[in-house]
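Undergrad: Just so you know, the sequences run in chain order A and P. Just so we're aligned: the first sequence equals residues 1 to 140 in the numbering used here. Just so we're aligned: the second sequence equals residues 1 to 140 in the numbering used here.
Rather than coming from a laboratory, the hints here were simulated on the basis of the structure. Nothing here was measured: the structure is a model prediction, and the numbers come from that model. Heads up, some of the hints might be wrong.
[What the hints assert, rightly or not] Covered stretches of chain A (chain P as the covering partner; in silico rule of three or more C-beta atoms under 8 Å from a C-beta of chain P): (1) 29 to 43; (2) 80 to 87; (3) 106 to 119; (4) 125 to 138.
[As the list claims (entries may be wrong)] Cβ-Cβ distance ranges computed for the label pairs, FRET-style: (5) P115(P) to D95(A): 40 to 46 Å; (6) D58(A) to E46(P): 38 to 44 Å; (7) E68(A) to R43(P): 43 to 49 Å; (8) D58(A) to G96(P): 14 to 20 Å; (9) G119(A) to G6(P): 20 to 26 Å; (10) A140(A) to E112(P): 39 to 45 Å; (11) S103(P) to R104(A): 35 to 41 Å; (12) I38(A) to E46(P): 35 to 41 Å; (13) T71(A) to G96(P): 39 to 45 Å; (14) D95(A) to R80(P): 30 to 36 Å; (15) A25(A) to A102(P): 18 to 24 Å.
Ideal Cβ placement from N, Cα and C applies to all residues, glycine included.
2 protein chains.
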Amino acid sequence: MEGTIGAVQLVGVHHVALAVEDLDAAVATYRTLFDAEIELEERNEEQGVDAVYLRVGDGRVELVSPLEEDTPVGRFLAKRGEGMHHVAFEVDDVDGAVGELASRGAQMIDDEPRPGLAGKRVAFVHPESLSGVLAEIVGA
Amino acid sequence: MEGTIGAVQLVGVHHVALAVEDLDAAVATYRTLFDAEIELEERNEEQGVDAVYLRVGDGRVELVSPLEEDTPVGRFLAKRGEGMHHVAFEVDDVDGAVGELASRGAQMIDDEPRPGLAGKRVAFVHPESLSGVLAEIVGA
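One chain only, chain A, in its complex shape:
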């Protein structure tokens, strides 16, 4: 069942992202408990993270750890500790989604999409617009 944001197709939840201190240890834990398979390991310099996509059934968990303390994920860990960091929704048209969400009153962190993992373009919605939840919009 696909959804929409106006004329944009909303595929569904692309991943759930968890901020961790020790990426290798967290990957090992998810592999041990859930037989999770590594789909992608990638450094994103712009976001200041090392990231791993894990397949958990047909779902996807992203584990992220910061490259430096003075990065968004580094500050998140210092303030809140390890835990759930953001939820990502996949759309067929990230530019269209950014425009539509902004027109509906969402406070966008990114007015223009920027490079995400796996060559996709992404944009983040500010938690203040979503009851405290950071959301990522991932292009197809």
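Fit chain P to the supplied structure of chain A, relying on the hints for placement.
TA: Structure of chain P alone, referenced to chain A:
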């Protein structure tokens, strides 16, 4: 692509749960921004929450608000504020999954499944076992 936990089939991410202060306001926000459809509205007295399942594309977001301050979600909100609360994984055999996860060293909050939403049986895994993330296992 289905996964496994030993002999248990792991379907994937069943939902991502968000703890909110004002359930109606949060539902309205997700409906406005993401054209989300309400799939279920239910009170779970045992967990002390009012809950709404929203379909966001083929994904599912659960919004939960506490019935009382002295409930797990009430204490979560007092301590951390609104935000992501837990991630739920769907399996075909929740009893088998609980046994398998415990045998793999996971600290289970529920040694036996208990009633969840929509008549399903569920069990929670302690965040200490999952890098700070509370996980719910949802039976088929």
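Undergrad: Taking the hints in turn, state whether each one holds.
TA: Against the structure, the hints come out as follows:
| no. | hint | result |
| --- | --- | --- |
| 1 | 29 to 43 | holds (count 8) |
| 2 | 80 to 87 | holds (count 8) |
| 3 | 106 to 119 | violated (count 1) |
| 4 | 125 to 138 | holds (count 7) |
| 5 | P115(P) to D95(A): 40 to 46 Å | holds, 44 Å |
| 6 | D58(A) to E46(P): 38 to 44 Å | violated, 29 Å |
| 7 | E68(A) to R43(P): 43 to 49 Å | holds, 45 Å |
| 8 | D58(A) to G96(P): 14 to 20 Å | holds, 19 Å |
| 9 | G119(A) to G6(P): 20 to 26 Å | violated, 34 Å |
| 10 | A140(A) to E112(P): 39 to 45 Å | holds, 42 Å |
| 11 | S103(P) to R104(A): 35 to 41 Å | violated, 47 Å |
| 12 | I38(A) to E46(P): 35 to 41 Å | holds, 37 Å |
| 13 | T71(A) to G96(P): 39 to 45 Å | holds, 40 Å |
| 14 | D95(A) to R80(P): 30 to 36 Å | holds, 34 Å |
| 15 | A25(A) to A102(P): 18 to 24 Å | holds, 20 Å |
Going down the numbered hints, you'll see the structure goes against 3, 6, 9, 11, while the others check out.
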